Amino acid sequence: MLKKRIIPCLDIKNGRTVKGVNFVDIKDAGDPVELAKQYVVQGADELVFLDITATLENRKTLVKLVETIAKEINIPFTVGGGISSVEDALALIKAGADKVSVNSSAVKNSQLIVDLKERFGSQFVVVAIDTKNIDGNWKVFTKGGTFETNLETVAWAKEVEKLGAGEILLTSMNSDGTKNGFDLGVTRAVSTNVNIPVIASGGAGSVEHFEEVFTQTEASAGLAASIFHFGEIPIPQLKTALKENNIPVR
Amino acid sequence: MIAIIQYNAGNIRSVQNAISRLGYKSIITDNPEEIKKADKVIFPGVGEASSAMNYLKERKLDEVILSLKQPVLGICLGLQLLCKSSEEGSTTCLGVFNTQTKQFPPKDKVPHIGWNNFSELKVSPLLAGINLTDDVYYVHGYYAEPCNETVATCNYIKEFSSVMQKDNFYAMQFHPERSASVGEQLLKNFLTL
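Residue numbers (our numbering), protein chains in the order written: chain A, 2 to 251; chain B, 37 to 229.
So that you can see chain A by itself, here it is in the shape it has in the complex:
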């Protein structure tokens, strides 16, 4: 049976992890490679690295980092942040990234999704969608959640599927950082309206939140950052609890 995936997300700035971490047995918590290796040991199913600076000179640092990560870890990983061309994606894929994630640049130029799909195949293309509920309507936001677009979230999700996305990483800005749980409404709406896997993100604060998102929506994976980094929910414990509730996990 296909398993539900648990995915820690690491924010990267100048080649270092940004959010604080308190893993006990880690030497350098700012080192993304050390952290990634720790997550592999814990049983993470996949990792997402998000470059939050994404300036030109930082690209080279990122590519180097991706090379190191690819050498060290044996589970799939996605790299996102500032990818606006096939060339940007190629540099990361050549360095060893399994998938790339695009967000604002895909909204600005949806042909990018088509180009990435044609060059690398759908399986390499994750489209990240940041969404926020505005007066009862789910709208797509870009530029790190600072810019409201005219796009309606479910319609955009269907569009990116048609254009060739292999997966959707859906972040609810209303839930993000609250630890009150994933946004089940928008996750359900998107995951039942597309036929590609949806990764739910934003709001995970407890084991129950993962149970809810896997039983009440069609999400294929759950992504979180700080609760994993700070060891609030150790991944082995999370997986044991999910198994006890008959949710298939690795």
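Keep in mind the hints are simulated off the structure, nothing from the lab.
What you are looking at is a predicted structure, and each value in this text was computed from that prediction instead of being measured.
Treat the hints with care, since some could be wrong.
Unchecked claim - Here are the in silico distance ranges between beta carbons for each label pair:
hint, chain 1, residue 1, chain 2, residue 2, range
1, A, Asn-246, B, Lys-73, 51 to 57 Å
2, B, Leu-168, A, Ala-156, 49 to 55 Å
3, A, Gln-112, B, Pro-142, 20 to 26 Å
Unchecked claim - In silico lysine-lysine, DSSO-like type, Cα no more than 27 Å apart, as pairs:
hint, chain 1, residue 1, chain 2, residue 2
4, A, Lys-159, B, Lys-138
5, A, Lys-95, A, Lys-38
6, B, Lys-93, A, Lys-118
7, B, Lys-93, A, Lys-65
8, A, Lys-95, B, Lys-93
9, A, Lys-133, A, Lys-95
10, A, Lys-180, A, Lys-244
11, A, Lys-163, B, Lys-73
12, B, Lys-73, A, Lys-118
13, A, Lys-38, A, Lys-4
14, A, Lys-4, A, Lys-144
15, A, Lys-4, B, Lys-158
16, B, Lys-61, A, Lys-163
17, A, Lys-95, B, Lys-73
18, A, Lys-180, A, Lys-95
The beta-carbon is built from N, C-alpha and C at its ideal position, and this holds for glycine as well.
Given chain A's structure and the hints, the job is docking chain B onto it.
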């Protein structure tokens, strides 16, 4: 020396990284002579079937692959290209395995992305130490129908060929290089054949 066959697109480095973590040296090449003299050959394959077959044919690598006598391991699209044909781009493939590759019907999320276990395992040196409950990482929208050369199957929407074997040709639909310790065991099994 292990030869990893070079392709037009995609992430072949991760295969090389995985082999190097196991302590083996490898080269990524599309040079027929280098491929022929390698102890073992890995045929990874990522991307779309028809363009991948065209790439192989342009370089006469299709003939080279079929002439190999040393152990050959197809991974993901590599497995599919070793079958007779693929629905993807209506492609005639290499025909080592007597089956065809079809597109998953949209009865569940497609592509099949993520970790899945085996539904049947036959005896094969490639599967030493592997159990039905072991999960491996898949990313694919097409699948090879089970046939006589299928030694392991997986079930997603349909029962499909997960691992195949015929003579010196071996193949895996999942990505052993991205399948944590289970993947390492499988790669080790191939490398020590």
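Cross-check of the supplied hints:
Range check, A:Asn-246 to B:Lys-73: Cβ separation about 54 Å, and the 51 to 57 Å hint holds. A hinted range of 49 to 55 Å is violated for the C-beta pair B:Leu-168 and A:Ala-156, which are about 42 Å apart. One distance hint, 20 to 26 Å for the beta-carbon pair A:Gln-112 and B:Pro-142, holds here, with the actual separation near 25 Å. Annotation: proposed proximity of A:Lys-159 to B:Lys-138 holds, straight-line Cα distance about 24 Å (limit 27 Å).
Distance restraint check for A:Lys-95 and A:Lys-38: the Cα-Cα separation of roughly 21 Å lies within the 27 Å cut-off, and the hinted pair is therefore satisfied. Our distance criterion of 27 Å between C-alpha atoms is met by B:Lys-93 and A:Lys-118, whose separation comes to about 23 Å. Restraint check: the Cα-Cα separation between B:Lys-93 and A:Lys-65 comes to about 34 Å, which exceeds 27 Å; the hinted pair is violated. Distance hint between A:Lys-95 and B:Lys-93 is fulfilled; the C-alpha atoms sit about 23 Å from each other, no more than 27 Å.
With a C-alpha separation of about 34 Å, the suggested pair A:Lys-133 and A:Lys-95 falls outside the 27 Å cut-off, and the hint is violated. The straight-line distance between the Cα atoms of A:Lys-180 and A:Lys-244 is roughly 22 Å, inside the 27 Å bound, and the hint therefore holds. Distance restraint check for A:Lys-163 and B:Lys-73: the Cα-Cα separation of roughly 44 Å exceeds the 27 Å cut-off, and the hinted pair is therefore not satisfied. At most 27 Å may separate the alpha-carbon atoms for a hinted pair to count; B:Lys-73 and A:Lys-118 exceed this at roughly 35 Å.
With a CA separation close to 21 Å, the supplied pair A:Lys-38 and A:Lys-4 stays within the 27 Å bound. Of the supplied pair hints, the one linking A:Lys-4 and A:Lys-144 is violated, its CA atoms being roughly 32 Å apart against a limit of 27 Å. The suggested pairing of A:Lys-4 with B:Lys-158 holds, with an alpha-carbon distance near 23 Å, which does not exceed 27 Å. Note on B:Lys-61 and A:Lys-163: the hinted pairing is violated, with a Cα-Cα distance of about 41 Å set against a maximum of 27 Å.
For the hint linking A:Lys-95 to B:Lys-73, the alpha-carbon distance of about 26 Å falls within 27 Å, and the restraint holds. Using a Cα cut-off of 27 Å, the hinted pair A:Lys-180 and A:Lys-95 is violated, with the two alpha carbons roughly 36 Å apart.
This entry does not satisfy hints 2, 7, 9, 11, 12, 14, 16 and 18, going by the numbered hints stated previously.
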